[in-house]
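Enquirer: Residue numbers (numbering that gives the first Met the number 0), protein chains in the order written: chain A, 0 to 174; chain B, 0 to 144; chain C, 0 to 120; chain D, 0 to 483.
Please keep in mind that the hints were generated in silico from the structure rather than gathered at the bench. Each residue gets a CB set at the ideal place from its N, CA and C atoms; glycine is no exception. Don't take every hint at face value.
To be verified - Short derived list, chain B residues pointing at chain D, Cβ under 7 angstroms:
(1) V65
(2) P68
(3) C70
(4) V71
(5) A72
(6) L79
(7) A90
(8) G93
(9) T94
(10) L96
(11) D97
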Amino acid sequence: MSELILAGLLALLVALAVVAVRAPDLLLAVIALGAYGFVMSLIWAVMGALDVAFTEAVVGAGATTVLFLAALLRMSRRRSPAASPLRWVALAVALGTGGAVLGVTSGLPRWGDPTSAPATHVSPRYLVRTLSETATPNAVTSVLADYRGYDTLVETTVILTAGLGCWLLLNPRRR
Amino acid sequence: MIERHASVVVQTFVRVLTPLAQLFALYVLAFGHYSPGGGFQAGVILGATYILLALALGRDTLDRKVNQPVCVALGAAGVLLYVLTGVAGMAGGGTFLDYSRLPLPVPPVRARYFGILFIETGVTLGVAATLIILFCRLGEQESGR
Amino acid sequence: MNYPYWVAIGLLMLGLYTMIAQRNLLKKAVGMTIFQTAIILFFLLLAVKRDASLPIVSAADVDPARFMNPLPHALMLTAIVVMVATSGVALAILIRLYARYGSLEEDVIAERVASDETDPA
Amino acid sequence: MRAHLPILPVLLPLVGALLQPIVGLASRHVAWPLAVATVVATAAAGIAGLLDVLARGTRRYPVGGWAPPWGIEVLLDPLSAFTVCVIAVVATLTLLAGGPSARTTYESEQPTYYGLALLLVTGLLGMVVSGDLFNVFVFLEVASISSYALVASGGGPALAAAFRYVVLGTVGASFYLLGVGCLYALTGTLNMADLAARLPAATGSPLFGGGIVFIVVGLAIKMGLFPLHGWLPDAYTRAPAPVAAVMAPVATKAAAYVLARVLLYVIRPESLPVSTTLAWVGAAAIVTGGALAATQVDPRRLLAYSSVSQMGYIALGLGLGVQDALVGAYLHILAHALMKAALFVVLAAAALDGRGPTLVALRLGSRMPITGACAVVAALSMIGVPPAAGFFSKWYLLQGALAAGQPILAGAILGGSLLAAVYMYRFTEAVWFGKPRATGGPPEAPMPLLVGLVALAAATVAVGLSNAALVSNVLGPAAAGVGR
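Chain A on its own, in the form it takes in the complex (with noise of 0.2 angstroms):
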């Protein structure tokens, strides 16, 4: 059953996808990608990683798309429709990157696969010890702000960053 919703759920994904990039008005691909971002944090829920999708959810799907309407309004919603002269040059990279995503990705394990390598090194330590070592039941959390701490201390610092730059550059002082 929740095979059939993830593969309605991907199709989805897919078709806001190409609504976002091809829509002509800036408007619509805005709210497309705000939809896409939405149906992706539901897939991440399906998927099991509800931490991932609550994240996705409120800053993917919401505060990105609130951004992506502020800055909209100061800007055309228009774009010109002619063809840009990169596009088989653009064509050619999507196709070879994608070409060599696919060639690797035949080294995968098997989707799901509970014997693969990041499912039994490192990982079940988090599971096993998350309680004894943290007292944090959800393993997401003691991970996230524990175990690699450092790595959210630093992403931390990457928002502050963002509002630190933008602070600077939307400076209404300054031309």
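Position chains B, C and D against the provided structure of chain A, taking the given hints into account.
Expert: Leaving out everything else, chains B, C and D in the frame of chain A:
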């Protein structure tokens, strides 16, 4: 320019919803230990309540409530709270971010629990302040230039 | 059945194509977001274990095969935040570009930048 | 404090950056002194760390008290400690020298500018000391996002350059992340030492080759390696003068360091053709970048293309992978950072004096004799004239190329020097000769700028003179240790 929404229903609803959403943000922050959620999500929700205020009651309301330079400084203070929690672990004889060495009157494992809470609070503060700044600046009107 | 990986690859190609081929800079930013989420999807697919539940454990010393791998989840939380931060700065640059050059089309901006550089106002 | 030496080069600039907006609420005049004090402390910690590592060996610092591979470890060995010193010292001198220029550019926004500049330094240093591939990605993004904003703060044409930089930089970072994902899928670990132990058993998988190719391509974009340098010339040309002076010498070096770390420490270079390709790409970068630099009329663009050429030397050395070539590449990281910093500071001095962005309009020699003299020292080092640092780094690279039996690559190294002679001659001629145009400002650059500039030029010569000691004590062990 983002104007005050015309409908009284919307305005009243947002006024009622805002404190509730902020309370929910605190819940998401504190309950991240047990269920999905944590500092980032809480920070975004907290920041979003201010954006909601701006959308429903107009930019003026937001500008009255938010002093932008102080908001930037609060964002930095949030990250600083994170760093200081880590430095407190160093002061207790551990490495940076070793919460088990925090100078708290609890056993080491319990200290890790509180350490996570401290840093998540810092994250919430940093993310919420930054999101408000991003929205204020991205949505600012042209007339100031 | 590795079909979810194929979706991630398709989105990755779509995003990359858009970033290069679209002349509208906002569309490039949209492509950038799709490209980044594709990679996040790829990473998260690695975390799935068949018939496993959420990585929230209620007792000590559980069987790790019964729970999803929490490590990619934690990593991708970080990646999502990084993605939004990049979008924020990109949008700030776009707003300034539009205010200065009155367009979001790559070639129009390039023309006006060129005349700016030969004749700095 | 000794126990915490590995983490201090990250903590100090981070705290300094966080204090900027808070202290900025009270006064904007303390921003510059605070920033300089921060980087001075960082450089001191970096040097102390290097001395400690040389005396007592490699230091592994488990952040959060979690043993790797479960936690993130910070790694201070001769190579990372050396690179930390390069970045911290050069950032100190450029932030000092860029102060007067930043004051006129940013005025009341100085706290924000210095906050972002220190975050850039934090990101670069964090990448260097990290022992975890994903942690490197996060620090890489701190450095990148602050760079995007700093370049864009130039306004006008700089905005277009910055957007291009965002798009290409995001592709680079995402490719890197994809490569890390492949290696993670293969081994289940992100820790560099753990990967190095587990990868040899898994070299047959397409995930191994694919992961490394994605990582190398991603980092090549970030280090501005030809032909993926598309973002670099415009970004360095249009960025405000103080930003170019801070960014250009160090921003690409951290990515080059990570490339060295991944290629030589995490994987065994002999197992893949990636290294040979890298050496040839480096040679192409040297020649193409040099040729393009020789044709520029804008001195900033000239220096930017020269950076493309000089990054080629580093890639070539890393690709060759033999002892002398590695020593040459590491020494060139230091030499290029010093001389490129000096040259961009010279341009900042010219801009302060109101001189336009063409070679013809530069002409500051007789008006600013000290500044002009420093420009000549840096230019000679760039060409590779002894006893400047640039001579010795190229000398070791040449030895390495010959030792590896690659006379064509050795030819590219020499050809790059000839091209450097052409473009640096044009640069120096523009600085010194031609009729000085009288402008309103006082003669000679402001004192802090001169202090930083003279220190950079003096360091270029000092590093050259002391190269034997540097190589036998620091770089030799670094090159040998990485090949271990």
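Enquirer: Of the hints given before, which are not true for this structure?
Expert: Violated hints: 1, 3, 7; rest satisfied.
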